[in-house]
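**Student:** Listed below, chain by chain, are the residues.
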Amino acid sequence: MNVAPRSADFVGDAVTAPLLALDHVSISYPTRDGILTAVEDVSFTLSAGERLVLLGPSGCGKSTLLRAVGGFLKPSTGEIRLHGRRIDAPGPDRMTVFQEFDQLLPWRTVLGNVRYALQRGKSLPRPQAEEVARHWLSRVGLKNFVDAYPHTLSGGMKQRVAIARAFALEPALLLMDEPFAALDALTRRQMQDELLKLCEETGSTTLFVTHGIDEAIRVGTRILALTPHPGRLAATFDVPPDTRIRGTARFAELERQIQQSVFADPETEHV
Amino acid sequence: MSDIAAPKLVRAPALRRVFDGTPWRRAVILAGFALIWELYARWLDNALLLPTMGATLSALWAAIVSGELPDRTLTSLRVLITGYALGVAVAAALTTLAALSRWGNEALGLLTSMFNPLPAIALLPVALLWFGIGTPSLIFVLVHSVLWPVALACYGGFLAVPSTLRMAGRNLGLSGGRFVVEILVPAAFPQILSGLRIGWAFAWRTLIAAELVFGVSARSGGLGWFIYTSRAQLETASVFAGLLTVILIGLIVEGVIFRTLTRITVQRWGQEQA
Numbered sequence: 001m002n003v004a005p006r007s008a009d010f011v012g013d014a015v016t017a018p019l020l021a022l023d024h025v026s027i028s029y030p031t032r033d034g035i036l037t038a039v040e041d042v043s044f045t046l047s048a049g050e051r052l053v054l055l056g057p058s059g060c061g062k063s064t065l066l067r068a069v070g071g072f073l074k075p076s077t078g079e080i081r082l083h084g085r086r087i088d089a090p091g092p093d094r095m096t097v098f099q100e101f102d103q104l105l106p107w108r109t110v111l112g113n114v115r116y117a118l119q120r121g122k123s124l125p126r127p128q129a130e131e132v133a134r135h136w137l138s139r140v141g142l143k144n145f146v147d148a149y150p151h152t153l154s155g156g157m158k159q160r161v162a163i164a165r166a167f168a169l170e171p172a173l174l175l176m177d178e179p180f181a182a183l184d185a186l187t188r189r190q191m192q193d194e195l196l197k198l199c200e201e202t203g204s205t206t207l208f209v210t211h212g213i214d215e216a217i218r219v220g221t222r223i224l225a226l227t228p229h230p231g232r233l234a235a236t237f238d239v240p241p242d243t244r245i246r247g248t249a250r251f252a253e254l255e256r257q258i259q260q261s262v263f264a265d266p267e268t269e270h271v
Numbered sequence: 001m002s003d004i005a006a007p008k009l010v011r012a013p014a015l016r017r018v019f020d021g022t023p024w025r026r027a028v029i030l031a032g033f034a035l036i037w038e039l040y041a042r043w044l045d046n047a048l049l050l051p052t053m054g055a056t057l058s059a060l061w062a063a064i065v066s067g068e069l070p071d072r073t074l075t076s077l078r079v080l081i082t083g084y085a086l087g088v089a090v091a092a093a094l095t096t097l098a099a100l101s102r103w104g105n106e107a108l109g110l111l112t113s114m115f116n117p118l119p120a121i122a123l124l125p126v127a128l129l130w131f132g133i134g135t136p137s138l139i140f141v142l143v144h145s146v147l148w149p150v151a152l153a154c155y156g157g158f159l160a161v162p163s164t165l166r167m168a169g170r171n172l173g174l175s176g177g178r179f180v181v182e183i184l185v186p187a188a189f190p191q192i193l194s195g196l197r198i199g200w201a202f203a204w205r206t207l208i209a210a211e212l213v214f215g216v217s218a219r220s221g222g223l224g225w226f227i228y229t230s231r232a233q234l235e236t237a238s239v240f241a242g243l244l245t246v247i248l249i250g251l252i253v254e255g256v257i258f259r260t261l262t263r264i265t266v267q268r269w270g271q272e273q274a
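Protein chains in written order, with full-length UniProt numbering: chain A, 1 to 271; chain B, 1 to 274.
Here chain B stands alone, though its shape is the one from the complex:
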């Protein structure tokens, strides 16, 4: 067959490329919010209810410099990553079973419809009974908060894999775990990625809430504990600094980690529009 010539591409002008991107719009919106906050807080003039942004930022800075906030944050992140990884691993095992057997399929369907609507934090009393106060309890509720949304997304993604693609894989003699890992997982990656995203948000939320509830007697509490103690000491600016840290970490994970993951996978593969 004769060669097909490659198409020629012309690069867009630099200025146009800058203005086509989204970051500058986001920066404008963020600056607008900050301005509204600062003005409203000054007008309200009640540092106990709503500290100004300036006060919050200086409290944040002080907490960072003293080493307390980084310490608390690291504690939280360590627990979070452990729980998240465990939850994703269990979800992977469950969905693999579901993809390969009818019994596994039914089991997963039943379990997700039972446990997905159950708030993870509602399991905290049970966790405290079983594991006592401390990291194991936190990890237990975290696994629960990650497992079901991720499993649900993976499984939905597997079901949506076109039958032609499945046949193309089986045509090569693939079956079992290799078929799942090398065909189903990448083919369902858009859904898996959004499941991981949802799981991450659930986990982060659940962790902070759980720390708020029983950080009370934990010796080395996390970010939730930091927020809780600051409130108890009526240091509202520190409460806001803690909340800001929670938001910032959420933004970084979403904007850097997940965005990069999306760009180098599903966008490059044409499974999702850029």
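Extracted from the complex, chain A is given alone in its bound form:
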């Protein structure tokens, strides 16, 4: 069988240096009632070209983990390294697509948003930034909306702008924090397919957070399942290309397997 759960403390290929390495990372933060541990002792690595999905129910710390990789918060213990260097601040080498629609700058047009990101994140001069921005916006199907302001767009279109912005900066690592969770089911499926195509065309390395098993199988090459309170790695699944096609027996089989091995508890079944 292609799909075999691995042990949770799998640390990756030691021969080639990994693009991203998490080394016994725990993240806790103070709340009113005491210190909350969101993530406990998580280690994994990510090699170039991989699409790693962090899968788990809400409360498993997957978004917290992604934000730590983004540099927005610091691990309490352990270390996160990108290209062997410790991550200590956000940067355009790790572009994040957030779930919330207000990640776009409302005072800039669709084109302005992507162009501004290129000017600031990649220090491109304005004409060049505009050219690259137009290219990426047409790749996500927004050629006709370059001059629109974000508030006039639908949720799916806003996410397309955010995706175009992230891809345009050609980050070493693309971070996706449940980017389609706030979309309707039809749009979500379409966006998953289009994102998959973009990722395959560009060969981008992606860390994707979701609570949908089907979404994880659709977009990922490898899935790390997390259990909640506090978030810990539970199992790893590889997703071979032929499993990625919706409606196939392999897809359903992997979905069932993840469901059973990780989320068997009836409390967390409906993810």
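No lab work stands behind these hints, which were simulated from the structure alone.
Here's a subset of chain A near chain B, in silico, CB distances under 10 Å, partners left out:
{"#": "1", "residue": "G70"}
{"#": "2", "residue": "F72"}
{"#": "3", "residue": "A89"}
{"#": "4", "residue": "G91"}
{"#": "5", "residue": "R94"}
{"#": "6", "residue": "D102"}
{"#": "7", "residue": "Y116"}
{"#": "8", "residue": "S138"}
{"#": "9", "residue": "N144"}
{"#": "10", "residue": "F145"}
{"#": "11", "residue": "A148"}
{"#": "12", "residue": "L169"}
{"#": "13", "residue": "L175"}
Note that beta-carbon positions come from the ideal geometry of N, C-alpha and C, so glycine has one too.
Start from chain A and add chain B according to the hints.
**Tutor:** Okay, now just chain B, sitting in the frame of chain A:
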């Protein structure tokens, strides 16, 4: 990804567009007020207490033609703009510090809660002691009247910026002054704009009041001084002409400057409904 087609828009009929706008309703209300004023003043028939609108308008016209009123108005506006600009600049500096450091944050919170409730005009005696009679004193109280409401609004606006938008900015490697100017300020612009509006109204009020108080010995007084001297000479129609000028300037600033600013910024950006 395949292209998404742009939606097609149909323009509404011309008559409908005219009647949907607000100006004509305002004109009707204004005409109603003018009529009530004129009728009441005629019925009262006491030019010393309440001149008719006609008398007020002719006094206004006479004061404009003689060059006195435009002169006074310009004097007032010059002081006003100086004080307003200074106040906004200090508010910008303070809120930037507050947005970037915890100490600045605490300092701004404390200062605004101390000074915002203090009427600017109450500082006039102190200003007179420090700066003497003249423009510097006026500017001092003006800065005080503008600074705190604007700083309060800016800071409140900064706090309300969604964390996702902040992270999106920091993701691009922005920090410090650039983060404040290019992310926080435009994101908080609806609140900043209303702060600027409130600051403007406070400043205009404070200035006229201050001029009324010590225009007495200033050689080139402003509009407040014009109102004060007209009252002293029992020219009530001129007092009303001066008041009308104060109101008109307020209306122009609000209706033209701030309305245009709102339309080309927060309404276009969808941060405020048209």
